[in-house]
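Protein chains in written order, with this note's numbering: chain A, 1 to 117; chain B, 1 to 116.
Check before you lean on any hint, since a few could be wrong.
To be verified - Rough simulated footprint, nothing fancy, chain B against chain A, three-plus residues with beta-carbon under 8 angstroms:
id, segment
1, 32 to 43
2, 78 to 86
Said to hold, decoys possible - Subject to a maximum C-alpha distance of 20 angstroms in a straight line, what follows is the list of computed SDA-like cross-link-like pairs (lysine to any residue):
id, chain 1, residue 1, chain 2, residue 2
3, B, K113, A, E82
4, B, K113, A, G42
5, B, K113, A, P39
6, A, K57, B, K113
Said to hold, decoys possible - One-sided and incomplete, this derived list gives chain B residues near chain A with beta-carbon spacing under 7 angstroms:
id, residue
7, H10
8, Y39
9, Q42
10, A54
11, L115
Note that these hints are calculated values from the structure, not bench results. Cβ atoms here follow ideal geometry from the backbone N, Cα and C, with glycine treated the same way.
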Amino acid sequence: KAGVTQTPRYLIKTRGQQVTLSCSPISGHRSVSWYQQTPGQGLQFLFEYFSETQRNKGNFPGRFSGRQFSNSRSEMNVSTLELGDSALYLCASSAGLAGRNSYNEQFFGPGTRLTVL
Amino acid sequence: AQSVTQLGSHVSVSEGALVLLRCNYSSSVPPYLFWYVQYPNQGLQLLLKYTTGATLVKGINGFEAEFKKSETSFHLTKPSAHMSDAAEYFCAVSDRGTSGTYKYIFGTGTRLKVLA
Numbered sequence: 001k002a003g004v005t006q007t008p009r010y011l012i013k014t015r016g017q018q019v020t021l022s023c024s025p026i027s028g029h030r031s032v033s034w035y036q037q038t039p040g041q042g043l044q045f046l047f048e049y050f051s052e053t054q055r056n057k058g059n060f061p062g063r064f065s066g067r068q069f070s071n072s073r074s075e076m077n078v079s080t081l082e083l084g085d086s087a088l089y090l091c092a093s094s095a096g097l098a099g100r101n102s103y104n105e106q107f108f109g110p111g112t113r114l115t116v117l
Numbered sequence: 001a002q003s004v005t006q007l008g009s010h011v012s013v014s015e016g017a018l019v020l021l022r023c024n025y026s027s028s029v030p031p032y033l034f035w036y037v038q039y040p041n042q043g044l045q046l047l048l049k050y051t052t053g054a055t056l057v058k059g060i061n062g063f064e065a066e067f068k069k070s071e072t073s074f075h076l077t078k079p080s081a082h083m084s085d086a087a088e089y090f091c092a093v094s095d096r097g098t099s100g101t102y103k104y105i106f107g108t109g110t111r112l113k114v115l116a
């Protein structure tokens with residue numbers, strides 16, 4: 001089974017621009033979660049999409065948005081980039097089952113490293 | 001909300017020595033707990049997980065962790081460090097979101113250095 005893929009792997013943008021990152025989950029997985037990883041803050045949860053709907057959301061400003069397509073592929077968009085948005089953006093896919101015992105093991109992609117100049 | 005604390009952002013051990021990476025969580029209900037490893041320029045790989053049952057959990061690459069409810073801890077250990085263990089390690093706890101599903105809360109990570 002192919003793993004989680006993320007494109008592009010590296011991006012360089014300037015302040016004020018916008019960027020779109022893409023994530024293709026493992027075949028059959030319906031949930032995609034996005035994380036921002038920085039040296040100072042560690043991994044911060046951005047949001048989760050399941051069946052094209054945002055199901056969970058972290059504490060990030062509205063400049064960060066996402067969507068999911070019918071084939072479960074997901075995109076994340078950051079508008080009006082700031083220097084502090086420089087980070088490794090990780091996506092994780094899981095089966096996304098709901099319920100008390102559904103901890104939903106997450107499988108991570110290699111990440112997209114975004115540098116904002 | 002739950003939180004995870006990893007003591008020591010950097011840990012150095014000699015090759016062949018015991019590896020001990022500490023993780024404490026805050027939770028009012030029994031949590032699901034995880035350890036992930038991240039090698040340079042890669043995503044996170046699951047080492048092991050605790051969901052229910054036996055409190056001593058064995059994972060890949062010779063790692064294990066013990067869930068201690070009374071201490072709210074889930075420390076990661078390996079009896080003998082290998083050079084290939086050098087990486088960053090993340091402890092995570094699942095947190096039930098408003099949708100009834102679980103999202104992960106990660107610690108800030110511990111970078112393990114193995115000395116020859």
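Cross-check of the supplied hints:
1. 32 to 43: It holds, with 5 qualifying residues against the three required.
2. 78 to 86: violated (count 0)
3. B:K113 - A:E82: violated (33 angstroms)
4. B:K113 - A:G42: holds (18 angstroms)
5. B:K113 - A:P39: holds (17 angstroms)
6. A:K57 - B:K113: violated (34 angstroms)
7. H10: violated (12 angstroms)
8. Y39: violated (10 angstroms)
9. Q42: holds (6 angstroms)
10. A54: violated (16 angstroms)
11. L115: violated (22 angstroms)
Checked against the numbered hints listed earlier, the structure breaks hints 2, 3, 6, 7, 8, 10, 11; every other hint is satisfied.
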